[in-house]
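Which chain is which? The protein sequence lines are L and X, in order.
Position one of the first sequence corresponds to residue 1 (full-length UniProt numbering), numbered consecutively onward.
Position one of the second sequence corresponds to residue 1 (full-length UniProt numbering), numbered consecutively onward.
It is worth saying that the hints were derived from the structure and are not from the lab.
Any given hint could turn out to be false.
What the hints assert, rightly or not - Derived list of chain X stretches under chain L, where covered just means 3 residues or more per stretch with a C-beta under 8 Å from a C-beta of chain L:
1) 74 to 81
2) 101 to 109
3) 148 to 157
Ideal Cβ placement from N, Cα and C applies to all residues, glycine included.
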Amino acid sequence: MPAHLKVLALVGFMLVVVATPREWFAAYAFFLGVLVTVGAVGRVRPGWVLKRMVVETPFVVFAVLMPFIAHGPRIEVLGLSLSESGLLSAWGLLAKGTLGVIAGLMLAATTTPQELVHGLERLRLPQQLVQIMAFMVRYLEVVTDEMRRMAVARASRGFVARNPLHWPVLARSVGALFIRSFERGERVHLAMVSRGYTGRMPR
Amino acid sequence: MTTPVLDVRGLAFAYPDGHQALFGVDLHVHRGERVALLGPNGAGKTTLVLHLNGIHLAGAGSVAVSGLPVTKANIKEIRRRVGIVFQDPDDQLFMGTVREDVAFGPANLGLRGEALDAKVTEALAKVGMEEFADRPPHHLSFGQRRRVAVATVLAMDPEILVLDEPSSNLDPASRRELADILRGLDVTVLMVTHDLPYALELCERSVILDGGVVAAEGRTVDVLSNADLMRAHRLELPFGFDPVAAAATL
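Build out the structure end to end from the sequences listed, making use of the hints.
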């Protein structure tokens, strides 16, 4: 399936999920079923998805707190007095959040970053934004690699960031990384201009 | 005599901050030649290279490529004719896949569709990287990236290929593979390098740039075996390397 259709499907799916009243429990089961089917068709490994679902943790914490702090009529669950509306809100947040994260992961699992960038381009996202994203995808690894090498070089000379006194060193490293990346940007631009770049990506 | 592919006359250039890098460079490269540009760090080699495709414009003197002067008006055609392969392939390869990267140059020249695909395939075949067309560049080895970088400019059908330190950071096998590829190409080459055995292996003629002028030029084997000349320009052969003996095995 072309990437731009996947992006549209994801956005459409999320709008439907968010707009569904949280009392329609059956609908949520259906949404989950849709995602499971997508995952099965796309041969996504459940373990891969589960591991990446930890990004949702802050929301889960917030959702768990809600029944305890919300107002309104309270009910007894396992000997705890919980707010009814809080429970419902927590359920809504958790269900919608989880569905969103899984849907996003389905897209990530079945699409390479390059395909995604091309998909967004086909969706008529402004050229500048697409170009910036494409460069980010391309150079993320180069820059993190550079960062790793700098960290190794620091550690090799006995540096350990143990307390805030060491932060200035880290700040200088970040500064150096920024300068290096900036200079690389200039060299990349030079190489692009040398191959006839005039400010627009050829289509 | 025919028009040289590269004709640099009396080229002088100073950076905006006043630092003068070139003081009247004369350099001619003829069709089919492979020429090495040697010289110590800071001699002005990179500055000279950036004049060849109009990134810098001559302060005094002139640069012409196959008779076409390097000026603002000609810049597009000049950049097609002069293909520069920069030292760090990560600077040169910036697209998501190898195919897109090789297509970037010819697409800027207006090529589209099947003609573009054919050009990309042809350029990748010349450097033996066809099967990597759909891979992202950062997943390739350094030597493979260097070869793709060469393909990105070959795809523009340049009249002269300018290589900045082509053998740097390559392991010996990749270095030799690149040499084989360069030897097999039917294209004029100007190669900036500190790797003197590589210059001897690939280039018939060498030019020494030092202090912003051409200090010497001649057959590579003669230049490398002239100990006084070498010492005067901070050039040194690797330990135990005998250029005359090596040249005899070519």
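Contradicted hints - numbers only: Those not satisfied: there are none.
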